[in-house]
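Asks: Sequence:
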Amino acid sequence: MALEERPREKMLTQGEKSLSNAELLAIILRTGTKKQSVLELANYIINKDRQGIRWLKDITIQELCEIDGIGLSKAAQIKASLELGIRIASAKPTKYKITNPWDIYKYYMDSLRYLNKEVFKTILLNTKNEIICDIEVSIGTLNMSVVHPREVFREAIKRSSNKIILMHNHPSGSILS
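Taking my numbering, the leading residue of the sequence shown gets 1, the next gets one more, and so forth.
FYI, nobody ran anything at the bench for these hints, they're computed from the structure. The beta carbon of each residue, even a glycine, is placed where N, CA and C say it ideally should be. Be a bit skeptical, because a hint or two may be false.
List time: in silico EDC-like cross-link candidates among lysine to aspartate or glutamate, alpha-carbon distance up to 16 Å [unchecked claim]: (1) K79 with E63; (2) K10 with E23; (3) K35 with D68.
Cβ-Cβ distance ranges computed for the label pairs, FRET-style [what the hints assert, rightly or not]: (4) R150 with K128: 42 to 48 Å; (5) K163 with Q62: 22 to 28 Å; (6) Q62 with S90: 49 to 55 Å; (7) Q14 with L166: 19 to 25 Å; (8) D49 with W102: 29 to 35 Å; (9) K128 with S73: 20 to 26 Å; (10) M144 with E16: 40 to 46 Å; (11) R54 with L166: 27 to 33 Å; (12) K57 with W102: 37 to 43 Å.
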């Protein structure tokens, strides 16, 4: 492979946005195997489940290690990179004001989007409608979450919340019931 076509060199000269998903993963992996270049290995990993990179969000270190050419070190690098991306995507500003339901959707969608179970949260607001915190009240199943009012109001009272918002996700990704 020509020097300027190598993923790392391409990123340095053309920027990270110019890289394909496989090229980005190849940079994380650093090396291939005797049988596959690092780019071939990255393409294999991404296309293994025919879902593209989406399937990587649920893969375990053990499943990664089952792929020829991926040991514990590379599996840990992949998982750490994915987790860092998830944390960046769900990082929130320190003071976030809620003025309408769309604000809640924008603030929480990235952190709830790919969960496999229904999660029920209580969002606590101060007098300026800024989020004090959110409390994970219940983790349910694929299609339900059991909640008792005692758990909903306990933290709101303890933290002198002015308002509360009740929210839950749908693992299907739908914002409608």
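Asks: Compare the structure with each hint and give your call.
Replies: Hint check:
1. K79 with E63: With a Cα-Cα distance of about 11 Å, the restraint between K79 and E63 holds, given a limit of 16 Å.
2. K10 with E23: holds (9 Å)
3. K35 with D68: Since the Cα atoms of K35 and D68 sit roughly 10 Å apart, the hinted pair holds (cutoff 16 Å).
4. R150 with K128: 42 to 48 Å: At roughly 27 Å between Cβ atoms, K128 and R150 fall outside 42 to 48 Å, so the hint is violated.
5. K163 with Q62: 22 to 28 Å: violated (44 Å)
6. Q62 with S90: 49 to 55 Å: About 25 Å separates the Cβ atoms of Q62 and S90, which means 49 to 55 Å is violated.
7. Q14 with L166: 19 to 25 Å: Given a distance of about 47 Å, which is not inside 19 to 25 Å, the answer is violated.
8. D49 with W102: 29 to 35 Å: Check passed, 33 Å falls within 29 to 35 Å.
9. K128 with S73: 20 to 26 Å: Violated, since K128 and S73 (Cβ atoms, about 48 Å apart) do not stay within the stated range.
10. M144 with E16: 40 to 46 Å: holds (41 Å)
11. R54 with L166: 27 to 33 Å: Distance hint for R54, L166 holds at roughly 29 Å.
12. K57 with W102: 37 to 43 Å: Taking Cβ atoms as reference, K57 and W102 lie about 25 Å apart, which means the hint is violated.
Hints 4, 5, 6, 7, 9 and 12 from the earlier list are contradicted by this structure; the remaining hints agree with it.
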